[in-house]
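Engineer: Protein chains in written order, with this note's numbering: chain U, 1 to 139; chain G, 1 to 139.
Calculated directly from the structure, the hints in this document are not laboratory data.
Among these hints, one or two may not hold up.
One copy or two, it doesn't matter: identical chains are merged, so the pair holds either way.
[What the hints assert, rightly or not] Within a straight-line C-alpha distance of at most 20 Å, the following computed EDC-like cross-link-like pairs (lysine to aspartate or glutamate) qualify:
1) K2 x D80
2) K32 x E134
3) K89 x E50
4) K127 x D101
5) K2 x E116
Number of protein chains: 2
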Amino acid sequence: MKYLHTMVRVSNLDESLVFYCQQLGLKEIRRKEFEQGRFTLVFLAAEGDEGAQVELTYNWDAQAYDEGRNFGHLAYSVKDIYATCQQLKDSGVVINRPPRDGYMAFVRSPDNVSIEILQEGAPLAPKEPWASMENTGNW
Amino acid sequence: MKYLHTMVRVSNLDESLVFYCQQLGLKEIRRKEFEQGRFTLVFLAAEGDEGAQVELTYNWDAQAYDEGRNFGHLAYSVKDIYATCQQLKDSGVVINRPPRDGYMAFVRSPDNVSIEILQEGAPLAPKEPWASMENTGNW
């Protein structure tokens, strides 16, 4: 038995690819369009970690997707949480839970999927502007 | 950057462990109880695939968790989809989408998290009772 992917539905594929690829840093592994079913599947993964994927399901006749509480988040570790959050912030992503502790941050996708970002290894030393940055919204 | 886990909330930890471990076949990797926050985290993974985990979050003052449409499912590949589905069925799990095609099946967790089960490699030849088994509910 082997983990393959977590599937999330996206209401706008272009916006979602900006978020997941350009901003968060995942890369597109493969894509399949289903003309008859009128949907597109796009599989994403972190560079060098292609075995664990996120599957974006884009229905061409899209609707806004509500969020439930049974699903929590997707989590990724990064080498430098401050660098990752700075890059996300510079590209316009709201850092809902800034890495005040040098260890954990949360952002959300365009469809409100929570993404947890965790520092690889030990927490980094507290550092401004993160150390005193307040939470924004929920995640 | 590396995928760590997908987090789902569970309203009853015992029932959820029966489902995810005894029935679905994941194993518990580690567990942490937070007395002050009144919650327990349990990390699960497929045997031999410990790098890709599911994190169960159990709040001690639990509520029923609704489901949204932005989250779709978790997917696992298995060596013999008929054997896996038979074992799930024998243990009382509803096979919402039977593997009629020898390739894909869906079940749901006690908190309605959809789990996709995919045959590793090529689809198996169609086989009864699966080939003529109808769908039950949605997933």
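Engineer: Within a copy, between copies, both or neither: where do K89 and E50 come within 20 Å Cα-Cα?
Structural biologist: neither (25 Å within a copy, 32 Å between copies)
Engineer: Using 20 Å as the alpha carbon limit, work out where K32 and E134 are close: within a copy, between copies, both or neither.
Structural biologist: Intra 40 Å, inter 27 Å, cutoff 20 Å: neither.
Engineer: Please sort K2 with D80 into within, between, both or neither, judging by C-alpha distance up to 20 Å.
Structural biologist: between (29 Å within a copy, 12 Å between copies)
Engineer: Can you give me the call for K127 and D101, within, between, both or neither, at a CA distance of at most 20 Å?
Structural biologist: Close inside one copy (9 Å), not across copies (54 Å); limit 20 Å.
Engineer: Could you figure out if K2 and E116 sit no more than 20 Å apart (CA to CA) within one copy, between two copies, both or neither?
Structural biologist: between (22 Å within a copy, 12 Å between copies)
In this structure, the hints that do not hold are numbers 2 and 3, in rising order.
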